[in-house]
Each structure stands twice: as C-alpha cells, then as structure tokens.
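Enquirer: In order, the protein sequence lines correspond to chains A and B. Our numbering applies: residue 111 is where the first sequence begins, and numbers increase by one. Our numbering applies: residue 9 is where the second sequence begins, and numbers increase by one.
Please keep in mind that the hints were generated in silico from the structure rather than gathered at the bench. A couple of the hints might just be wrong.
Said to hold, decoys possible - Taking lysine-lysine and the DSBU-like style, the derived pairs with C-alpha atoms no more than 35 Å apart in a straight line are:
1. A:226 to A:128
2. A:199 to B:71
3. A:226 to B:71
4. B:71 to A:278
5. A:199 to A:226
As the list claims (entries may be wrong) - So the derived label-pair ranges between C-beta atoms look like this:
6. B:61 to A:199: 29 to 35 Å
7. A:238 to B:21: 28 to 34 Å
8. B:54 to A:206: 21 to 27 Å
9. A:216 to B:39: 45 to 51 Å
10. B:99 to A:161: 15 to 21 Å
11. B:57 to A:283: 32 to 38 Å
12. B:58 to A:161: 32 to 38 Å
13. A:235 to B:24: 34 to 40 Å
14. B:54 to A:242: 30 to 36 Å
15. A:214 to B:57: 22 to 28 Å
16. B:57 to A:169: 51 to 57 Å
17. A:222 to B:16: 48 to 54 Å
To be verified - Just a sample of chain A residues kept apart from chain B, beta carbon distances all over 10 Å, derived:
18. 177
19. 195
20. 227
21. 233
22. 236
23. 294
24. 295
25. 305
Each residue gets a CB set at the ideal place from its N, CA and C atoms; glycine is no exception.
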Amino acid sequence: MSENKLHIEEHRDDEASKLGMWLFIFTELLLFGGLFLVYSIFRAQYTTSFHESSLELSVTIGAINTIVLLFSSMTIAMALSAIQKNNKKLALILIGITLFCAAIFLFNKYFEWGAKIEHGLYPGSTLMTLLDRGHLLYFSLYFFMTGLHALHIVIGMILLIVCYFKVKSQNINNQNYVLLENGALYWHLVDLIWIFLFPLIYLIT
Amino acid sequence: MANNSSHTTEYVVLARVLLLLMFLTILTISITSYHLGAFTVAITLLIAGTKGYLVLSYFMHLKYESLLLRILVGMVFVLFALIIVITFIDYAYR
C-alpha cells in the first residue's frame with residue numbers, strides 16, 4: 111500500500127516535457143530552415159544549373175521514400191493511440207513497422223548515394239571540383255541536406271528502439287507515455303522536413 | 009491521472025490523413041511533369057505546406073494542444089517567412 115502511495119506522488123510534469131520537446135523541434139526547424147534559405151537563394155541565382163542537376167536524381171526513389179516515411183509517420187502516431195488505449199501488443203507491432211520503414215528509407219538512400227559515389231560524385235571528389243559553380247552548389251546542398259536528414263532518421267530510430275524496449279518492459283504504459291509521445295514528435299519532425307526536401311530537391315524543374 | 013490530458017486520436021482518422029497525404033504526394037509529382045514555369049514552384053510549395061499542416065495538426069496532435077503551443081509553432085513559421093523575405097529583399101536590391 112505504501113509503495114502504491116509513493117507511485118502516485120511521483121514528480122512528473124508531462125506538459126513541460128512536451129513543451130521542452132517542442133522547443134527542441136523549433137531549433138531543428140530553424141536549422142533546416144537556414145539550409146532551405148541557402149538553397150532558395152542559390153536556386154534563384156543559378157536556376158538553369160539547379161534544374162540540370164536535379165534531373166540527375168531519381169524521382170522514383172525519392173517518391174518511394176516519401177511514401178515510406180509518410181506511412182511510418184502514421185504507424186508511430188497509431189502506436190501512441192494504441193498505448194493510450196492500453197494495447198501494448200499493437201503498440202509494439204506499430205513501433206516495429208515504423209522502424210522497418212526507417213530501415214527501408216536508409217536502404218534506398220544507401221543505393222541512391224552509392225550510385226552517385228560510384229560515378230565519382232561526392233563532396234571533395236575530382237569530378238565535383240570540375241563542376242561549375244551552380245552544379246557544385248546544388249550537389250553540395252543535396253549531399254548536406256539529405257545527409258543531415260538521414261542522420262536525423264538514425265537518431266529517430268535509436269529513440270524509437272529505446273521506446274520499443276520501454277513499452278516492452280511496461281516503463282511506457284497507458285499512464286505514463288510521454289517518452290513515446292516525444293519520440294513520435296521527433297519522428298514526425300523528420301517526416302515534416304522530408305515533405306519540403308522532396309519537392310525542392312527532386313521535383314524542381 | 010491529471011497528467012494525461014492528451015487527446016487520443018482514432019486509428020481511422022490517422023489512416024484518412026495518410027490517404028490524403030499520399031494523394032497530395034501523387035498530385036505534386038504529376039503537377040511537376042507539366043511545364044507550368046514559375047507556377048510549378050508555387051503550387052509545389054503550396055501542396056507541401058498543406059501536407060505540413062496535416063502532419064502538424066493530426067500526427068503531431070497540434071489540433072488538440074493548448075493555444076499557447078499552437079501560437080508558438082505559428083510564430084516559428086512566421087519567423088522563418090520573415091527571414092526568407094528579408095534575405096530576398098537584401099539580394100534583390102544589392
């Protein structure tokens with residue numbers, strides 16, 4: 111009984127945790143915002159070079175990755191709903207699907223980058239230094255922005271793996287799920303950034 | 009418990025939002041295959057903005073959050089828009 115009482119008096123402020131996560135998300139949005147700003151300025155200055163360079167990218171791989179990421183964003187949102195409804199098994203399955211989608215995304219990215227690196231197109235390569243300024247800027251921004259985004263995917267995956275085991279060990283339950291909520295918020299942020307990256311980098315004509 | 013004031017979003021709602029997002033993605037890809045010039049960029053960004061709004065409101069539960077948080081998120085986007093506008097004005101009148 112005394113143990114039960116201790117549990118109730120546990121100091122926790124979920125609203126504050128969530129607000130903290132949102133403040134962190136704001137810094138992330140402005141980080142990518144800065145890159146979008148650089149991108150749009152140089153796109154305005156080197157329109158034809160950016161257009162020619164973007165044709166080198168595979169819209170198909172980009173589109174598949176978009177759909178995979180949107181789907182994973184839904185499954186993690188569903189995982190949160192499942193835990194709120196105290197359906198632990200479904201929550202675990204949904205987090206698992208999200209992680210699987212994240213792996214597919216990185217797998218596609220590996221082949222996309224791999225093909226470019228094979229053709230000698232990577233930051234610092236001799237081919238890159240021979241390109242004119244517009245093409246050079248496009249591919250540098252392409253590698254930096256998608257690379258930074260992929261890094262966020264990896265961080266998100268680590269966060270969700272932690273959530274997976276905490277759900278499994280009942281540390282995340284229908285009374286205390288703020289960690290999963292914040293983990294899901296981070297995953298949606300990764301999706302949100304991709305929503306703007308995909309059309310800007312792959313589809314501009 | 010008072011700590012859990014969060015709104016639980018139904019699975020059906022989330023699935024509908026996903027369908028809408030998928031539709032908008034296909035729409036963006038098909039629109040860029042037509043050559044509409046400067047309009048393409050505007051339409052593409054408008055669709056991306058709509059998708060972003062859907063993700064923020066439904067997946068990130070912003071629709072059910074406090075007014076304070078919604079205003080804060082709005083301010084970040086206003087700030088970003090201002091930075092873009094000011095920088096472009098700077099470049100245009102150099």
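Enquirer: Does each hint fit the structure? Answer for all of them.
Expert: Against the structure, the hints come out as follows:
no. : hint                      : result
1   : A:226 to A:128            : violated, 40 Å
2   : A:199 to B:71             : holds, 27 Å
3   : A:226 to B:71             : violated, 41 Å
4   : B:71 to A:278             : holds, 29 Å
5   : A:199 to A:226            : violated, 41 Å
6   : B:61 to A:199: 29 to 35 Å : holds, 33 Å
7   : A:238 to B:21: 28 to 34 Å : violated, 46 Å
8   : B:54 to A:206: 21 to 27 Å : violated, 35 Å
9   : A:216 to B:39: 45 to 51 Å : violated, 28 Å
10  : B:99 to A:161: 15 to 21 Å : holds, 19 Å
11  : B:57 to A:283: 32 to 38 Å : holds, 37 Å
12  : B:58 to A:161: 32 to 38 Å : violated, 25 Å
13  : A:235 to B:24: 34 to 40 Å : violated, 46 Å
14  : B:54 to A:242: 30 to 36 Å : holds, 32 Å
15  : A:214 to B:57: 22 to 28 Å : holds, 26 Å
16  : B:57 to A:169: 51 to 57 Å : violated, 20 Å
17  : A:222 to B:16: 48 to 54 Å : violated, 37 Å
18  : 177                       : violated, 6 Å
19  : 195                       : violated, 7 Å
20  : 227                       : holds, 26 Å
21  : 233                       : holds, 25 Å
22  : 236                       : holds, 32 Å
23  : 294                       : violated, 8 Å
24  : 295                       : violated, 6 Å
25  : 305                       : violated, 5 Å
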